[in-house]
Amino acid sequence: MLTKGKIDRKDLFWLGLLAVFAAIPVTPWFNHSSFAQHVLIQVFLYSSMAQAWNILGGYCGQVSFGHSVFFGIGAYGAGMAVVKFGLIPWPGILAGAVIAAVVAVAISYPCFKLKGHYFAIATFAIVEIFNRLFMVWYWVGGAIGLDYGFTQPGWKNFVWYQSKVGYFYGVLLLFMLVFGIVRWIERHRFGFYLRAVREGQETAESLGVNSTRVKLSAMALSAFLAALCGAFFAQYNYRVDPPMVMSLDMSMKFVLITILGGLGTFYGPLLGAALLIPLQEYTRAYLGGIGGGVDLIIFGLLIVIVVVYQPKGIMGILDRILNGIRRSRSGEGGK
Amino acid sequence: MALLEVRNLTMKFGSLVACNDVSFDVEKGSVVGLIGPNGAGKTTLFNCVSGFYKPTSGKLIFDGRDVTNLPAYEVARLGAVRTFQVVRPLKEMTVMDNVLVGAFLRGADADTAHKVAEECLSLCRLEDKSHNLAGGLPIGYKKRLEMARALATGPNLLMLDEAMAGLTSTEIKEALEIIKGLRERGITLLVVEHIMEAIMSVADMVVVLDGGVKIAEGTPREIVEDEKVITAYLGAKFTERLKRSGEVTRND
Ligand SMILES: Nc1ncnc2c1ncn2[C@@H]1O[C@H](COP(=O)(O)OP(=O)(O)O)[C@@H](O)[C@H]1O
Ligand SMILES: [Mg+2]
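Sequences listed follow chains A and B, in order.
If you read the first sequence in our numbering, its first letter stands for residue 43, the second for the next number, and so on.
If you read the second sequence in our numbering, its first letter stands for residue 354, the second for the next number, and so on.
Please keep in mind that the hints were generated in silico from the structure rather than gathered at the bench.
Quantities reported herein were computed from a predicted structural model and do not represent experimental measurements.
Any given hint could turn out to be false.
Said to hold, decoys possible - Computed beta-carbon distance windows for the label pairs:
| id | chain 1 | residue 1 | chain 2 | residue 2 | range |
| --- | --- | --- | --- | --- | --- |
| 1 | B | D464 | A | L60 | 37 to 45 Å |
| 2 | B | E445 | A | F166 | 24 to 32 Å |
| 3 | A | P152 | B | G488 | 29 to 37 Å |
| 4 | B | G519 | A | I163 | 52 to 60 Å |
| 5 | B | E472 | A | N279 | 28 to 36 Å |
| 6 | A | I49 | B | K468 | 29 to 37 Å |
| 7 | B | G488 | A | Y351 | 38 to 46 Å |
| 8 | B | A518 | A | K157 | 39 to 47 Å |
| 9 | A | V349 | B | G519 | 53 to 61 Å |
| 10 | B | E445 | A | P152 | 21 to 29 Å |
We put the CB at the ideal spot given by N, CA and C, even for glycine.
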């Protein structure tokens with residue numbers, strides 16, 4: 043399971059899944075509706091976001107409601123490069139991600155000294171602070187935000203207008219990066235330390251784990267990846283403004299998708315997003331007139347049901363079913 | 354030079370003095386027993402040595418270094434590792450993963466860590482539980498997991514806090530075998546134990562605490578005959594029994 047350089051069944055399943063995802067654009071279904079393409083891109087974007095959050099919230103057990111801030115900083119990184127400096131987005135994407143990681147560490151260093159729920163509560167306040175700050179910060183566009191002008195579509199500018207295929211592969215690369223990193227972490231020392239800190243900080247310290255450093259590293263990595271997701275979001279929407287990115291709504295999505303899918307599990311964020319995002323997009327499309335929030339109501343209800351039934355989310359339910367099948371099979375084999 | 358030097362250690366909680374001016378040495382390669390009635394300050398002393406509490410006053414020298422004010426993880430890295438009296442399994446992780454956390458202390462290489470972990474699991478007779486979740490183990494196994502995990506860090510000094518409390522007599526025998534095995538591997542042990550017969554059969558030296566004060570220190574034979582220890586802790590009847598059973602005359 044831990045042996046280096048060997049590819050096991052789980053890896054094969056994962057690689058197979060990626061191959062299937064990569065082949066989606068050549069299927070007739072993909073070109074059938076641009077709305078379906080949009081939903082699909084959102085699923086990959088939000089599962090990447092949730093997975094980025096999962097590193098800190100799921101594996102390390104530090105629940106943050108502040109991730110929309112890092113997401114926002116990433117979005118502004120891209121936006122500023124394109125709109126303010128007239129550059130290609132890439133240096134802005136990188137700078138945004140680095141700044142997000144630095145801000146995350148600076149914010150969480152004092153917050154990690156808080157015990158238990160107080161960390162989560164402190165992160166709440168941070169969203170509000172950054173939202174207000176960006177609203178009045180005219181250099182980054184204030185409340186109006188940053189609007190992309192027309193640029194040459196393609197990978198260099200990372201925008202496309204006619205087809206969504208470019209965005210699809212862009213988000214798939216992001217997805218592969220974030221999930222790939224988590225896959226790597228899961229089987230290396232850092233992953234063991236993350237979970238050890240979650241399961242018992244003092245116990246981890248008694249075994250030589252510097253829990254503060256582990257939490258800060260998790261935070262930095264988590265924020266860096268969340269910022270990359272934010273940059274994609276800005277490129278995809280051709281604009282960014284504070285309420286779009288730095289909001290409690292957005293923060294909650296990081297959290298809820300992961301909880302629904304399964305905290306601290308590899309596939310949880312993907313499963314959570316695959317369920318919640320189509321729900322969100324289709325309720326918005328069909329019930330949009332009633333006003334925003336219907337999707338959040340359904341979100342909330344789903345979460346309550348799943349979490350009461352199985353705290354490990356959809357992954358927990360799947361595990362239970364798979365174990366049931368395995369047991370009944372081995373039972374038959376014994377007869 | 355002793356591996357661990359405890360010098361005038363005092364730990365106060367408000368007006369309560371849990372450890373009062375305690376001094377003793379733990380020699381390299383020896384097994385030192387730390388005994389005393391409940392509330393004597395044994396666990397508090399462990400917490401001070403392992404960096405979980407900052408002593409009110411006094412000094413702790415480990416391997417020639419002043420570790421009095423080091424954080425717990427630094428002390429563990431230097432090679433002084435403790436177990437917890439109230440077991441603390443990393444519940445949602447498997448037994449193997451628990452031990453791997455310890456094993457990763459001596460290097461990030463997963464293969465090496467895995468090997469070390471397997472060794473420690475079999476030494477503590479946990480190999481057939483390695484894929485179980487630690488939270489669901491029976492108490493005897495949890496106690497052994499505490500040991501296996503600490504052992505996996507490759508300690509110079511292993512501090513066991515009542516590793517045998519609550520075990521059946523067969524389990525205690527097994528635990529004693531494990532401890533003897535550790536000693537043969539050259540690991541120095543500081544062992545808090547309530548079960549006198551158990552500690553008397555493995556310890557080279559015994560330190561007795563009562564009300565936070567060290568009331569005696571000596572070989573097991575000296576301790577069972579010490580008047581102060583008998584009145585404070587052992588009781589005369591017990592000493593008789595222990596002498597008759599001949600447990601004190603260990604094979605050294
Ligand atoms: N964190 C703490 N805060 C306050 N009092 C404590 C604390 N830890 C231990 N004590 C007190 O210190 C004394 C010694 O406790 P302890 O070291 O656990 O004894 P032992 O392990 O020998 O049974 C007890 O009176 C206990 O109540
Ligand atoms: Mg105790």
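We went through each hint and held it up to the structure:
Roughly 26 Å separates the CB atoms of D464/B and L60/A, a value that falls outside the hinted 37 to 45 Å. Roughly 26 Å separates the CB atoms of E445/B and F166/A, a value that falls within the hinted 24 to 32 Å. In this structure, P152/A and G488/B meet the distance hint of 29 to 37 Å, their C-beta atoms being roughly 32 Å apart. For the pair G519/B and I163/A, the beta carbons lie near 38 Å from each other, so the given range of 52 to 60 Å is not met.
The given range of 28 to 36 Å is broken by E472/B and N279/A, whose C-beta atoms sit roughly 55 Å from each other. For I49/A and K468/B, the Cβ-Cβ distance of about 21 Å falls outside the hinted range of 29 to 37 Å, so the restraint is violated. A C-beta distance of roughly 20 Å is found between G488/B and Y351/A, which places it outside the suggested range of 38 to 46 Å. For the pair A518/B and K157/A, the beta carbons lie near 29 Å from each other, so the given range of 39 to 47 Å is not met.
For V349/A and G519/B, the Cβ-Cβ distance of about 34 Å falls outside the hinted range of 53 to 61 Å, so the restraint is violated. Hint check: E445/B to P152/A, Cβ distance near 28 Å, so the stated range 21 to 29 Å holds.
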